[in-house]
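Engineer: Here's the letter readout for the chains.
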Amino acid sequence: MLTVILLLWPVAAALLLHFFKGGAARVAAFGAALVEFVLAVYAALTFNVNHSGQFSFNHEWIASAGINFHVGMDGLSLLLVLLTTFLVPIILLASYRRNIENESVFYALVLFMETGLVGVFTAQDAFLFYFMWEVALIPIYFLAGVWGGENRAKVTFKFFLYTIVGSLFMLAGFVYLYFQTGPAASGLAAHNSDIASFYNLNLSVQEQSWLFWLIFAAFAVKMPIFPFHTWQPDTYTESPAPATMLLSGIMLKMGIYGCMRWLLPVVPSGVSQWQNLVLILAIIGIIYGAIIAIRQQDVKRLIAYSSLSHVGLMAAGVFSLTQIGLQGASIQMLAHGINVVGMFFIADAIERRTGTRAIANLGGLTRQAPVLTVCFLVLLLGTVALPLTNGFVGEFLLLAGVYEYNAWMGAVAGVTIILAAVYLLRMFQRVMLGPDSSFTATFTDLTGAELAVLAPLIVLVFWIGLFPNMFLHLSEGSVMNILNEVVKR
Amino acid sequence: MNSIILLSVLGLGNLFLGFLRSNRLLLPAAMLMLALVFGINLIDWNEGAQPFFNDMLVIDNFSVAFTGVVVLTTFLLLPFSQKYVRDGQANLAEYYSLLLFSLVGAVMMVAYNHLLMLFVGIETLSIAMYVLAGSDKRNLRSNEAALKYFLMGSFTTGILLFGIALVYGATGTFQLSQISFAVQNPINDSLQPMLYIGMLLMLVGMGFKVSAAPFHFWTPDVYEGTPTFFAAFMSTVVKAAGFAAFLKLMVQVFPAASAQGVWLPTLTAMCALTLLIGNVGAVAQTSVKRMLAYSSVSHAGYLLIGLVAFNGQLEGASANGIFFYSLAYSVATVAAFGVLKLVADQRQREDYNGLNGLAKTNPLLAFVMTVAMLSLAGIPLTGGFFGKFFIFSAAVENGYIGLVVFAVVMSMVSIYYYLRPIIAMYMRNTDVTTDEPIHVTSFQSAALFLLALLTMVLGVLPGLLSGIL
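So the sequences go chain by chain: A and B. Using my numbering, read the first sequence as starting at 1 and increasing by one per residue. Using my numbering, read the second sequence as starting at 1001 and increasing by one per residue.
Simulated from the structure, these hints should not be mistaken for laboratory data. Ideal Cβ positions, reconstructed from N, Cα and C, are used throughout, including at glycine. Each hint should be verified, as a subset may be incorrect.
So the derived list for chain A, only partly shown, Cβ under 8 angstroms to chain B, looks like this [what the hints assert, rightly or not]:
| # | residue |
| --- | --- |
| 1 | S64 |
| 2 | Y162 |
| 3 | I280 |
| 4 | I284 |
| 5 | Y288 |
| 6 | R367 |
| 7 | P370 |
| 8 | V371 |
Derived DSS-like pairs (lysine-lysine); straight-line CA-CA distance at most 27 angstroms [stated by the list, open to error]:
| # | chain 1 | residue 1 | chain 2 | residue 2 |
| --- | --- | --- | --- | --- |
| 9 | B | K1083 | B | K1137 |
| 10 | B | K1137 | A | K21 |
| 11 | A | K158 | B | K1360 |
| 12 | A | K154 | B | K1148 |
| 13 | B | K1148 | B | K1360 |
| 14 | B | K1137 | B | K1148 |
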């Protein structure tokens, strides 16, 4: 039941938000998101690691087709629900000082999207999953398209088309799987779409082989994995900061999560057949993203490409099909979410003060803004995966997983750490250090509200870095279950 | 049956109301009549099959459900005729009466059990539409549309009639069940070719009425010339009734394997062609109205998939799919045409740029249009998604995977043109012709709100209506 409340609360809040105007809407939205976070924390505190599928709720949805409204959480879902509900208030707070037209609509869309995201992470029914997947997409399209930059119409259109085409392939795959299932234990329909029956299908190797690509298409676009990534840098750059944070901090994880939950255990032979290819694509993405990031002149674009590189590593870890790799992916989803949201926030703070994002125009911010510099440095080192930060735990486990699968691939993927250090430290040097530029003469340090956004992120950078077991412990059972399903068949 | 009697009587009554010379009374009266018909119609629900006129008409759940769709659609459409009321349109009573009479035709089309009733129903519906297409009589385009629709329509009526005659010649009866029996147990093999030709000619006639390719060519021109209000009626009511009749024809009359061998490949080819022409044609349009016309062709294609994938009975997955799809499509299309009419009436333009900045001037209109477009594109949270989902599932279940894949690719194409109005409304700025807010009465707002709500209810709780047949 708790999951249902987690799903319904943001929608209800979004609808109620229409009665608030201007500043009141901002406060109300933030309050609602905070309540949602408290609920998620309550779920985490009462969560029993030794049981799978908790807080579940199963009710008929489309009885005639055997489709149920089935939601529930295991450790992996819980981690991502925590991430979502934690980041949404942060993102709302981050847009606190911005002048947003039609504020109540903007915040309502963010809350509405939160429902979609929580739904994706908790759905236990294939059609519910697809439904929520699209529910999360529609608000972000409007967030990016209505409040975005100059080229927004064109860029968001491309983004929408890419994702929807990917999703339709996934839907086609799900429909095929649906017709392979038998009737549910209770119910009159001839088929059902519950995750458990998808896990228990007897599919031939050949079927799995093409089903793999149908289902993977949606996840590959969403992550995005090379070569399905071309929408990503433009969309990240053109979207307003809160939308970029939602996209990179949370939405990207839908793809990784989808692979872990709906791809590996459902078509394991298909996965083992294409595992090598996906790993190669992921590793190309890692190197390619990093090399392009080095050449970027725009702070936001640089972070976008860095994100592309990092998500490649997560994909590689997942497709290594090792426990350590999957565990690495689950903790790296958290770490990356925190770091990338922080980085985009700082990029946005700089842009708002100077009116430029071009690295060449910036320089010498350290002297005017020491607090901002420190915050930036911490998040940056987290991204570079310095030991004791959150990024290190994830990247170490991921690389170990890839290494376990294939030592050569592990070695090539490991280059990401070096390259990340190259482009991120170089950016830091040119933006924060060095001589002043005309744009930065009147630069001011972080305000209290901005610090309030960054402080929890920075706390988490160290918290996850120092005590990763608290989080790894949560996902361990789920990861083992997923791998058992893969091995079973 | 009650609904046919009531619609005819109320249609006549409505004509007499016109003598009062007060248009203000007409709209509420017409809506009240339709609400009454909608309610009375539901009384027959689950009453079993009731035959009338020597079994020429049969009222069963199938006909009640589709009657509900067409009456509801007309009811929700009526508020958009308010401009006629305000402008003191002299012929308003006639317009409303023609709509009510054409609904009689629609009800006959969904309830027929005898080919003559099908023919009478189609003609009752069509003749009213020929008149309404030309109702803007000072507009050359409207005249052209009426003439085109009338000439083409009467020509295909002839073909349909010819087909009916040949089928009669081959089987000796007009009664659906008897034809079906005769098709399955042919007495004289030499008559089989005649039967098949008759069947295919009927297919042509029906294909024209629902604007399926290659008999769709009239659609864009006629829609463009027809006043928007009647174009909306044409693309929803005519299509829903037409598909119900089409489904009944194929499922009840020609389910025999030998007959299927002839019409099924034809229909499959028509279906693929309709999807292709409808979707690709819509991409090239600059006028929203023409885009909606091509979109209506493409939706005929999706509905045809439901026909192709039928499983031999009127209660099966594909009949339910067609019912759900018609409802979701009708609601979304009425919403789209309704918004377009309001915008076009004031801004005097029907292209995409005419919608620029609508989100800023009229958030409600923009929202409703968005919901309608997302529903037509088949994106979740709207009824259109589940409509497509049910139809595609029925087709996959019956093994038409290739056709479904093609339809899915085509609906990817459709996203391109359905997003264009959204982009115009939300992401483009107003210019001189578009910066004034559109005047919307509270009556119309309520109707638009209801349409959007209905689309979303169908999209969130499809279980309410998905398996009722």
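Engineer: Now tell me, hint by hint, if it's right for this structure.
Structural biologist: Comparing the hints with the structure gives:
| no. | hint | in the structure |
| --- | --- | --- |
| 1 | S64 | holds (3 angstroms) |
| 2 | Y162 | violated (11 angstroms) |
| 3 | I280 | violated (28 angstroms) |
| 4 | I284 | violated (26 angstroms) |
| 5 | Y288 | violated (27 angstroms) |
| 6 | R367 | violated (40 angstroms) |
| 7 | P370 | violated (40 angstroms) |
| 8 | V371 | violated (37 angstroms) |
| 9 | B/K1083 to B/K1137 | holds (17 angstroms) |
| 10 | B/K1137 to A/K21 | violated (48 angstroms) |
| 11 | A/K158 to B/K1360 | holds (23 angstroms) |
| 12 | A/K154 to B/K1148 | violated (39 angstroms) |
| 13 | B/K1148 to B/K1360 | violated (39 angstroms) |
| 14 | B/K1137 to B/K1148 | holds (14 angstroms) |
In this structure, the earlier hints numbered 2, 3, 4, 5, 6, 7, 8, 10, 12 and 13 are contradicted, and the remaining ones agree with it.
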